[in-house]
Amino acid sequence: MATDLQLTNISEKDLEQCLKCSICTVYCPVSSVTPLYPGPKHAGPDGERYRIKDRRFFDEDALKMCLNCKRCEVACPHGVQIGDIIQTARIKYSRHPVGLRDFMLANTDLLGSVATKAAPIVNYMTKAAPVKSILHNVMGIEKNRTFPDYTSRTFESWYKKEAAAEQDKFEKQVSYFHGCYVNYNFPQLGKDLVKVMNAIGYGVKLLDKERCCGIALITNNMPNLARKQGKMNLKSMRHSVEQGRPIIATSSTCTFTMRNEYEHILHLDNEIAKNNLSLATRFICRLVEEGKVRMAFRKDFHMKVAYHTPCHMERLGWAVYSTNLIKKIPGVDFQMLESQCCGIGGTYGFKKENYSISQKIGENLFHQIREAQVDYVVTDCETCKWQLEMSVPIPVINPISLLAQALDVEETRKLNQL
Amino acid sequence: MKFDYIIIGGGLSGLTCGIRLSQAGKKVAIISAGQSTLHFGSGSLDLLGYDNEGNIADNPLDAIGRLNENHPYRKIGTERIERLAEEAKTLLDDCGIHTTGTAQKNHYRITPMGFLKPTWLTLENYATSPSASELPWKSVILANVAGFLDFPIEFISDGLGKLGTRTEVEIISIPALKARRHSPSEMRSANIAKILSSEETLNQIAEVLNSMEETAEAILMPAIVGLDKQDSESSLKQKVRRPLLLLPTLPPSVPGIRMQTMLQRRFTQLGGLYLMGSMVKEGHVENGKLEYVTTSTLMDERLTADAYILATGSFLSDGLKSNYERIFEPILNLDVTAKENRADWIDPNVFRTQPYQAFGVKTNERFQTSLEGQTLENMYAIGSVLGGHNAIQQADGTGVSMMTALAVANQLINNL
Amino acid sequence: MNTSIFEKHYDIIIIGGGATGAGTARDCAMRGLSTLLVERYDFTTGATGRNHGLLHSGARYAVTDQESATECIDENMILRYIAKPYVEEHDGLFITLPEDDLAYQEKFVESCWKAGINAKIIDPKEAIQMEPSVNPTLIGAVQVPDGSIDPFRLTMANVLDAQLHGAQVLTYHEVTGFIMENGRMMGVYLRDNITGEKREARAEITINAAGIWGTLVARMAGVNVSMFPAKGSLLIFGHRVNNMVINRCRKPANADILVPGDAITVIGTTSDRVPIESVDDMHVTPEEVEVLLSEGAKLAPALATTRILRAYAGVRPLVASDNDPSGRSISRGIVCLDHETRDGLAGFITITGGKLMTYRMMAEVATDMACSKLGVQQKCQTATTPLPGSDKSTVEEPENHLYAFNARVGRHGTLAPSIAAMDDYQNSLVCECEEVSVGEVAHAIENMHVRTLTQLRRRVRLGMGTCQGELCALRAAGILCASCKKSIEEEMADLAEFLNERWKGMYPVGWGSTLSEAQLTSIIYQDLCGITSPSMKDRRQEP
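Residue numbers (the working numbering), protein chains in the order written: chain A, 44 to 461; chain B, 304 to 719; chain C, 148 to 690.
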């Protein structure tokens with residue numbers, strides 16, 4: 044034992060690497076706009092030292108204000124997993140039962156599968172003033188928020204009927220983790236992905252069983268359900284990999300959750316995801332840069348776009364892939380927005396107590412976008428899209444959709460000898 | 304991914320080097336494990352504050368020749384330093400970081416404890432003095448924000464008084480700042496600066512400052528404006544009737560953060576790729592050359608370049624690491640200059656020379672690093688990861704960062 | 148300084164501001180004696196402030212010293228009652244490792260029972276469940292009612308209570324000699340260690356409660372009390388590794404107690420005889436660090452990879468009775484010397500031996516002796532009267548929950564509400580690691596004999612956390628300047644001294660994050676702020 048004394052430092056989420064330098068406090072979007080949140084340093088490593096001592100030091104009301112953007116972790120020069128410390132503390136120390144509102148917001152799968160069955164009514168209802176007022180006053184869901192529309196036909200049902208049969212024709216295949224948003228709200232993005240992948244010679248399959256990645260369950264303090272869903276997703280991924288199909292996704296948050304949060308917060312063995320799950324933009328960008336596939340673009344495509352880096356994309360460090368890919372489109376006039384939180388934080392901004400914080404956080408970004416004067420804001424996260432579209436009158440799309448619009452499919456197929 | 308140059312570390316030295324290389328049309332990536340030590344900055348950059356005997360260096364260039372031969376400046380040489388110092392100032396201007404000062408003569412910055420320290424360049428709008436024994440004002444108003452603990456006004460007031468300047472202390476507040484004070488821990492310089500970034504709050508602050516009746520020549524206040532650009536600083540200055548000057552605070556440093564932001568902005572404008580929150584995990588060395596690196600975020604992606612520049616900083620930035628047994632460079636285990644025996648790393652008196660401060664990565668005259676005695680010809684080291692000097696005692700940390708960054712960048716650009 | 152303090156003729160003068168001196172002052176004052184406590188520096192600067200902070204169950208001494216064991220368990224139970232907020236009742240384990248003799252366990256438990264200590268053999272697996280950090284290779288475990296106690300808070304509570312009962316207290320007043328009249332000790336000559344002023348104070352009886360320094364105090368009075376200074380070094384880890392005390396179930400040896408206290412864990416101790424001349428300046432050596440780490444990691448393997456915040460050393464005030472070089476087989480029993488009968492010097496009592504755990508009993512014994520000499524009948528009530536902050540009332544949690552509240556209650560018990568927390572300024576944190584607010588600093592300055600940063604650290608833990616004073620020292624220095632009407636020079640020197648004192652504990656463990664932390668601190672204070680030591684002329688010794 045004496046031979047490896049004090050050669051390394053091991054502590055939960057690298058808590059002890061914290062030098063108390065306070066750099067993280069500069070980059071917290073929440074404490075920047077409200078004095079009620081104690082900031083990442085205090086809520087994270089400082090507070091954790093005392094919570095280890097005594098649960099009484101757990102201040103649930105304060106920690107709940109963390110929107111889990113992980114910008115503190117990106118800023119930390121010493122690799123302290125500050126955001127993870129805070130989320131884990133919420134799970135570890137909270138003894139409050141989860142309320143109905145949080146349960147509803149977090150169970151996207153459940154809500155989605157019910158809502159899509161009666162989509163027109165639901166969509167109408169969630170926009171109706173009396174319903175909004177009830178949601179606001181009784182449930183605590185912010186009235187200024189508009190729920191994204193539900194589709195009457197889920198992506199999965201479209202896929203099975205319209206696309207599945209085609210996919211076996213491709214020699215190379217991937218599995219697509221579409222996520223709740225694509226399935227229940229916005230199948231078009233899934234269709235765009237199939238279009239792009241098919242054009243570059245990849246068949247797109249679905250996972251055996253896909254459940255919500257669970258990010259909303261994690262942040263709304265339902266770790267057990269999240270773990271259960273996570274295990275199912277990992278199992279499906281394992282099966283996909285065994286079949287020779289890597290997995291791609293179009294949501295940076297789903298990707299981040301399954302690669303990072305599964306391990307750090309849910310303590311799942313997610314090696315399979317870490318090694319085989321990629322964001323579609325990363326997957327395609329690397330293929331192109333390695334010369335394995337080629338893309339041709341429509342000559343008539345001209346678009347001025349600005350890329351917004353979602354917080355979880357920032358933490359993944361993968362914005363470079365999305366932006367490199369976008370920049371490959373000749374007709375794109377590209378600009379990069381400075382990386383700032385939009386304020387939505389998944390379900391965070393839908394809660395009425397967080398609404399004003401959420402909007403204040405996003406204000407800098409909204410301002411940047413207004414100044415930019417672009418046709419599209421491009422981003423990899425669906426909740427950022429909601430927030431931006433609710434706050435700035437400029438459409439927001441996923442880079443894959445931009446690619447799908449710009450791609451000359453026939454020419455691309457030819458280039459890839461299909 | 305392929306680049307002309309990869310810089311590991313995105314602080315002052317990494318960014319200076321990256322900007323210079325990008326200006327020359329090179330494709331550069333900076334990989335940064337987190338935010339930098341600029342966050343502890345003073346708003347000034349030091350070239351060389353004290354000579355080898357600990358006396359104030361009136362003319363830093365004169366004192367360079369007498370430095371220890373291991374000092375990074377000695378590898379560059381006084382003449383080149385003189386040129387690079389000019390270049391550094393121009394580079395900063397190009398980034399929108401406007402400073403005053405010259406390498407031929409130190410001026411003095413006022414510290415958050417009211418001392419004067421010799422320095423090379425100071426941001427516009429920050430209080431300085433040309434002399435070590437007196438200040439340019441007979442009387443000043445020293446204004447602090449109510450409840451802001453990171454600006455120990457008693458010490459500053461006393462320090463200015465000892466230099467013959469009469470100070471009138473004023474504690475000010477506005478409603479938005481009063482609200483911020485509700486947080487017991489987050490009444491920090493940067494958070495205050497975020498509040499003081501709107502015209503409305505600046506007008507209110509200006510109104511308070513303009514309402515003071517003392518006959519002071521200038522108003523000195525903590526550096527709590529101008530976080531991400533100089534705008535709010537200049538705007539406030541315009542609104543205030545008397546000359547308004549800023550003084551550095553305890554960290555986080557608003558002027559430092561701004562420097563970081565503006566350097567980074569310039570670097571990306573020039574086409575550079577800045578990977579924030581990414582740690583270099585592994586470097587593959589073959590035949591005395593670094594072939595590629597991989598990072599914590601890009602996983603199996605190999606990043607390759609013609610040359611690599613290590614700008615990872617000292618211990619506090621994890622550029623150097625230590626454990627019970629040794630001091631080492633954590634990425635490649637590059638050769639370091641460090642004493643073997645732990646007892647020789649430190650001195651029991653904190654104010655005496657701490658040997659560990661001068662430890663660093665070993666390089667040759669061209670700042671090429673080495674691994675087990677073999678030179679890595681395409682791996683350079685710049686900035687605080689270099690040993691051979693004690694930045695605390697010599698007040699040369701930021702200077703070494705910029706000078707070595709530019710020296711190596713020019714070397715690479717000119718194929719030297 | 149209020150001169151009337153020196154005009155009064157006291158019943159009792161107590162020398163020494165450690166737990167024993169403070170406890171004696173409390174006891175004397177509660178019995179109605181007019182009392183003066185004098186301390187040459189600050190409270191808790193001796194062994195009181197430099198130990199494990201272990202609330203011994205007595206189990207450690209059960210086999211070798213039944214008397215001490217019984218005293219410990221008695222006092223243990225008393226302290227749980229009278230010093231509730233300063234005690235943590237988390238129990239302890241005595242573990243047997245494969246290299247230890249399991250047969251010792253039986254003898255151990257038997258001795259514990261004999262001393263009245265509720266020792267319970269538990270299954271090693273259960274022990275791991277109760278205390279996950281314990282060495283998993285253990286082959287035996289005994290649960291005992293160990294706990295931890297905060298010696299700083301305990302001592303201050305005694306001081307406060309003594310004052311509430313009318314005692315006078317003088318810190319920074321060093322005894323330089325004794326007033327002798329007709330062969331009787333009639334008081335002390337004092338030097339104010341801050342101003343250098345000379346003073347005297349008179350009393351019927353003087354009690355020497357100066358710990359290891361008691362031997363020097365006695366020498367000054369011309370009597371010989373031979374003490375045995377044994378240095379014990381300890382290490383503080385960055386967070387709580389364990390939540391129960393972990394001991395080795397074997398004959399007491401080096402580094403075999405691991406105590407959780409506040410937000411940290413302490414391993415100790417070593418034991419080495421040191422010359423009495425060296426006791427004012429103890430430094431922890433690399434060899435001691437090595438022993439503490441390698442032995443400590445056997446108790447809890449995580450110690451091998453846990454950050455160490457600092458190292459410190461204290462001196463055990465043992466009364467020498469034989470030449471045991473280890474200093475361990477010596478009884479820690481209480482020694483109360485009546486110098487009138489022993490040496491023919493009336494008016495002088497020495498109370499020594501003992502340990503932090505038995506400070507109250509020592510105080511009782513010494514006060515009993517003094518009372519009998521003074522013909523006072525009052526009985527001791529210190530065992531049944533709760534200390535300030537320890538009464539039964541509950542502290543209401545303020546509605547606008549501000550986070551330093553729990554830390555305040557943790558440090559001050561039911562006295563916490565007297566700390567100003569009414570407005571945002573008072574709630575602002577000075578020390579973020581330990582959650583010390585402006586209000587708490589002000590409270591300490593006002594009520595707890597605080598003029599320096601180091602005193603503030605002892606009273607409210609300022610600068611005791613992970614960063615060891617990185618920002619808080621300067622913030623607090625500003626407040627000290629303003630509220631103590633100190634000169635800037637004085638405060639500057641105080642700050643420099645504080646930084647050097649923090650470093651003194653850091654450099655013996657100066658590697659890893661602790662070395663990085665030290666570099667960051669020096670960048671802030673020396674580079675950014677430009678602070679230099681008052682004796683900085685020698686700052687360049689190296690070429």
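If you are wondering where the hints come from, they were derived from the structure by calculation, not from laboratory data. There could be a bad hint or two in this list.
So, partial list: chain A residues that the calculated Cβ filter (under 10 Å) puts toward chain C [unchecked claim]:
1. 59
2. 191
3. 192
Some chain B residues well away from chain A (every beta-carbon gap over 12 Å; in silico) [what the hints assert, rightly or not]:
4. 356
5. 365
6. 402
7. 410
8. 431
9. 509
10. 515
11. 600
12. 621
13. 639
14. 651
The structure presented is a predicted model; accordingly, all values stated were derived computationally and were not measured. Here a beta-carbon is modelled for each residue, glycine too, at the ideal position from N, C-alpha and C.
Comparing the hints with the structure gives:
The beta carbon of residue 59 of chain A is positioned within 10 Å of a beta carbon in chain C (closest approach about 4 Å), and the interface hint is therefore held. With a least beta-carbon distance of about 35 Å to chain C, the hint placing residue 191 of chain A at the interface is violated under the 10 Å criterion. Because the beta carbon of residue 192 of chain A sits about 40 Å from the nearest beta carbon in chain C, more than 10 Å, this interface hint is broken. No Cβ of chain A approaches the Cβ of residue 356 of chain B within 12 Å, the least distance being about 32 Å, so the stated non-interface status holds.
The claim that residue 365 of chain B lies off the interface holds: its Cβ sits roughly 35 Å from the closest Cβ of chain A, which is beyond the 12 Å cut-off. Once the 12 Å rule is applied to beta carbons, residue 402 of chain B is consistent with being away from chain A; the minimum gap is 22 Å. Listed as outside the interface, residue 410 of chain B is consistent with that label: its C-beta sits roughly 28 Å from the nearest C-beta of chain A, beyond the 12 Å cut-off. Distance check on residue 431 of chain B: its Cβ is at least 25 Å (rounded) from any Cβ of chain A, clearing the 12 Å threshold; non-interface status holds.
For residue 509 of chain B, the non-interface assignment is confirmed: its Cβ lies about 22 Å from the closest Cβ of chain A, beyond the 12 Å cut-off. For residue 515 of chain B, the condition that its CB be more than 12 Å from all CB atoms of chain A holds, with the nearest at approximately 27 Å. Consistency note on residue 600 of chain B: stated as away from chain A, yet its beta-carbon is not over 12 Å from all of that chain's, at 3 Å minimum. With a closest Cβ-Cβ approach of about 6 Å to chain A, residue 621 of chain B is found to fall inside the 12 Å limit, against its non-interface label.
For residue 639 of chain B, the requirement that its beta carbon stay farther than 12 Å from each beta carbon of chain A is met, with the minimum near 16 Å. Annotated as non-interface, residue 651 of chain B keeps its C-beta farther than 12 Å from every C-beta of chain A; the closest such distance is 20 Å.
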